[in-house]
Amino acid sequence: MSTEPTFIPLDAIRRAPVPDPANAPTEDIRELLFDLEDAGELIVQRVPEPYVEVMTKYGRMKKIPLDKTWHHKSCGQCGHIPGYSTSIFWLNRQFGMSYDDPTDQTSCTAWNYYASATSNAVAQAAVASRNFAAAYATGFYPMIHCGTSYGHYKETRAELVHHPELRRKVRDIMAKLNKPLIVPEEIVHYSEWIHVMRDKIAERQVRDFSSITASIHPACHYYKLVTEDAIYDPDIYGGQRTATVTGLVEAVGSTVGDYSTFFDCCGFGFRHILVQRDFSRSFATQRKIEIMKEEANPDVVITHDTGCVTTLDKSQFAAKAHQRNVGVPVLSDAQFAALAMGAHPYRVVQLHWHATDYTALLEKMGIDWEQSWAEFESDLKRIESGEIEYLSWEDADA
Amino acid sequence: MSTMAPPMPFTADRGATLAPNSYVDVPYEEKLRLWEEVKSDDRFPDYLYGCYDCGICVAACPSAKYYDFSPRKIAQAAAREDVELIYEQMNDDVWNCSQCFSCNRCPRQNSPGGLITLLREVSVKNGLASAKDALEGYGRVVYKIMTTGTQISPDMLQPDAFPDWGPDVEKTSDNLDLWRRALPPETLHTTETSWVVSDETLIELYLIWLHSDVMDIIKEADEGLHMIILDVMEETLEDAGYEV
Ligand code: SF4
Ligand code: SF4
Numbered sequence: 001m002s003t004e005p006t007f008i009p010l011d012a013i014r015r016a017p018v019p020d021p022a023n024a025p026t027e028d029i030r031e032l033l034f035d036l037e038d039a040g041e042l043i044v045q046r047v048p049e050p051y052v053e054v055m056t057k058y059g060r061m062k063k064i065p066l067d068k069t070w071h072h073k074s075c076g077q078c079g080h081i082p083g084y085s086t087s088i089f090w091l092n093r094q095f096g097m098s099y100d101d102p103t104d105q106t107s108c109t110a111w112n113y114y115a116s117a118t119s120n121a122v123a124q125a126a127v128a129s130r131n132f133a134a135a136y137a138t139g140f141y142p143m144i145h146c147g148t149s150y151g152h153y154k155e156t157r158a159e160l161v162h163h164p165e166l167r168r169k170v171r172d173i174m175a176k177l178n179k180p181l182i183v184p185e186e187i188v189h190y191s192e193w194i195h196v197m198r199d200k201i202a203e204r205q206v207r208d209f210s211s212i213t214a215s216i217h218p219a220c221h222y223y224k225l226v227t228e229d230a231i232y233d234p235d236i237y238g239g240q241r242t243a244t245v246t247g248l249v250e251a252v253g254s255t256v257g258d259y260s261t262f263f264d265c266c267g268f269g270f271r272h273i274l275v276q277r278d279f280s281r282s283f284a285t286q287r288k289i290e291i292m293k294e295e296a297n298p299d300v301v302i303t304h305d306t307g308c309v310t311t312l313d314k315s316q317f318a319a320k321a322h323q324r325n326v327g328v329p330v331l332s333d334a335q336f337a338a339l340a341m342g343a344h345p346y347r348v349v350q351l352h353w354h355a356t357d358y359t360a361l362l363e364k365m366g367i368d369w370e371q372s373w374a375e376f377e378s379d380l381k382r383i384e385s386g387e388i389e390y391l392s393w394e395d396a397d398a
Numbered sequence: 399m400s401t402m403a404p405p406m407p408f409t410a411d412r413g414a415t416l417a418p419n420s421y422v423d424v425p426y427e428e429k430l431r432l433w434e435e436v437k438s439d440d441r442f443p444d445y446l447y448g449c450y451d452c453g454i455c456v457a458a459c460p461s462a463k464y465y466d467f468s469p470r471k472i473a474q475a476a477a478r479e480d481v482e483l484i485y486e487q488m489n490d491d492v493w494n495c496s497q498c499f500s501c502n503r504c505p506r507q508n509s510p511g512g513l514i515t516l517l518r519e520v521s522v523k524n525g526l527a528s529a530k531d532a533l534e535g536y537g538r539v540v541y542k543i544m545t546t547g548t549q550i551s552p553d554m555l556q557p558d559a560f561p562d563w564g565p566d567v568e569k570t571s572d573n574l575d576l577w578r579r580a581l582p583p584e585t586l587h588t589t590e591t592s593w594v595v596s597d598e599t600l601i602e603l604y605l606i607w608l609h610s611d612v613m614d615i616i617k618e619a620d621e622g623l624h625m626i627i628l629d630v631m632e633e634t635l636e637d638a639g640y641e642v
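Here the protein sequences line up with chains G and C, keeping their order.
So in my numbering, spot 372 of the first sequence is number 372, and the numbers just go up one at a time.
Start counting at 1 in the second sequence, then tack on 398, and there's your number in my numbering.
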């Protein structure tokens, strides 16, 4: 039974009460934001309707917008796993949601903050505020693709709220850009949108995923960096772990393959994945993939962050060369949802950018991957011959 | 070793250090100055509230499993203000941290990972040799973020940079331009950046770097890199009518 975790005693879960927001150990940052807005210090961008309210870790409710979203893209998704972002956009299009895919957007630049320490709190808050102001100007609401950007923006928001001097410095910089200081009412991760859309995704499902076992890797920067506004649900893991990602896997009828190192990170490490990759490879394979294989033998790992997909997927090649017990494809929840709803594995989900062999997974999903690849190759020929310049959304759904 | 007694408000054992004297050539006053810089950061009070020495952070820490590294030691050194040990950590341990923030589950509400962010920033800002070593080979990443506004660009996928990721990297790199054009979102047809970033956006990003002391940090870390980034920024800003 996928909703019953193996590693937390069920009695303990049943005893765990639904958290009472009145007793939350942390402040409600939104109230402080509104106070600052009343004092004329900043503007709070409100979550537009329609939205869905979901419970977060300490029992508070969080608004997740459904429509009119401004997509804060992720360097790693767009650069190295572009099927990740493409699947997010494809899902929005399938549901007729309007979205903005802006060019007036930079990365959160947290690479320079967490990896090399070549930035500082003022610069990071100014980059965040610039992106928020760009979204505000369009009237669309920021939806953050990257787990790190999401966590970092929550961290930045708390710093802006608590440090008047930082606010002043950032406001001064924003004034030089002719922009106001804007902070969104909620910082929303795309996987939260998928979470609240999961039943609608299941309604539109055209492929049977009931024979698939998926192990979940929750992204550290989604629920550890700033803990309180990640989604938790008493019906998923008894509310003891974040419900995001697992909720989708259950909704599309797959089995959740639980394993004992669920809470471990993926090994990404920022600087490690680039300049100290022996650590990333060892951690990803020995602490995650091999444990999953031994304890749950999943068909796929599903996660919700760029760095996690990259590290867990790419690290397996070298481990395999050493005859380690690896070989599980890694997808994002967006890619998994898109495949469930019938997306093309190459035109939309862009699986050719992934490293670990995913063909057995596609076969289990009932997808003739050889035919799909042949279709995609014919697209590539059309581009090469000049017949079309780019693959369009219409081509992707042809 | 300095003769000056270190101030240690959190411990009765004044003058005690757990550092094995590996940086004896650096005066105590200099180590103290760097520590005071860490403590003066606005974020510091949010990252350290004392330490139970319980080791919960170590149990959660991925880097502790593969390196001689401990977030408990980082928090303990900071709580005891063991200036010698902190200096040693700034020169070595801090670069092993994965910045995953698993240690935020600390029952004392500390963030050893956050402390490490600050220790790293101060070591880079002050041009510590070990920070320069740690950042070696990293200049391209810093350059990419600061000049293009994105990182992990598609053209970074080169087989010589990622030989351990298998033959697919070469296939991707050989087909890069074609495969990028086979992406339906119009913003993703790029190879040198992760997506299309507008010129006006870049100008605003450069103004942020110029007005937030970030360029001083880069200068301390790598003077050559600083010059290259500044050139790119100046040219763009001057073309757009800004005086730099
Ligand atoms: S942030 Fe650093 S110290 Fe904390 S758990 Fe992660 S690797 Fe360990
Ligand atoms: S930092 Fe926190 S978790 Fe780590 S040893 Fe100290 S009190 Fe325990």
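No lab work stands behind these hints: they were computed from the structure.
It should be emphasised that the depicted structure is a prediction, and the values quoted were computed from it without experimental measurement.
All C-beta atoms in this analysis are idealised placements derived from N, C-alpha and C, irrespective of residue type, glycine included.
One should not assume that every hint holds.
Footprint (simulated), chain C over chain G, 3 or more residues, beta carbon under 8 Å [what the hints assert, rightly or not]:
| no. | stretch |
| --- | --- |
| 1 | 65-78 |
| 2 | 243-257 |
| 3 | 377-389 |
Evaluation of the provided hints:
1. Here's how the stretch 65-78 of chain G fares: 6 of its residues keep a CB closer than 8 Å to some CB of chain C, so the rule of at least three is met and the hint holds.
2. With 0 residues bearing a CB less than 8 Å from a CB of chain C, the stretch 243-257 of chain G misses the requirement of three and the coverage assertion fails.
3. For a cut-off of 8 Å, the count of residues in the stretch 377-389 of chain G with a CB near a CB of chain C stands at 5, and the three-residue condition holds.
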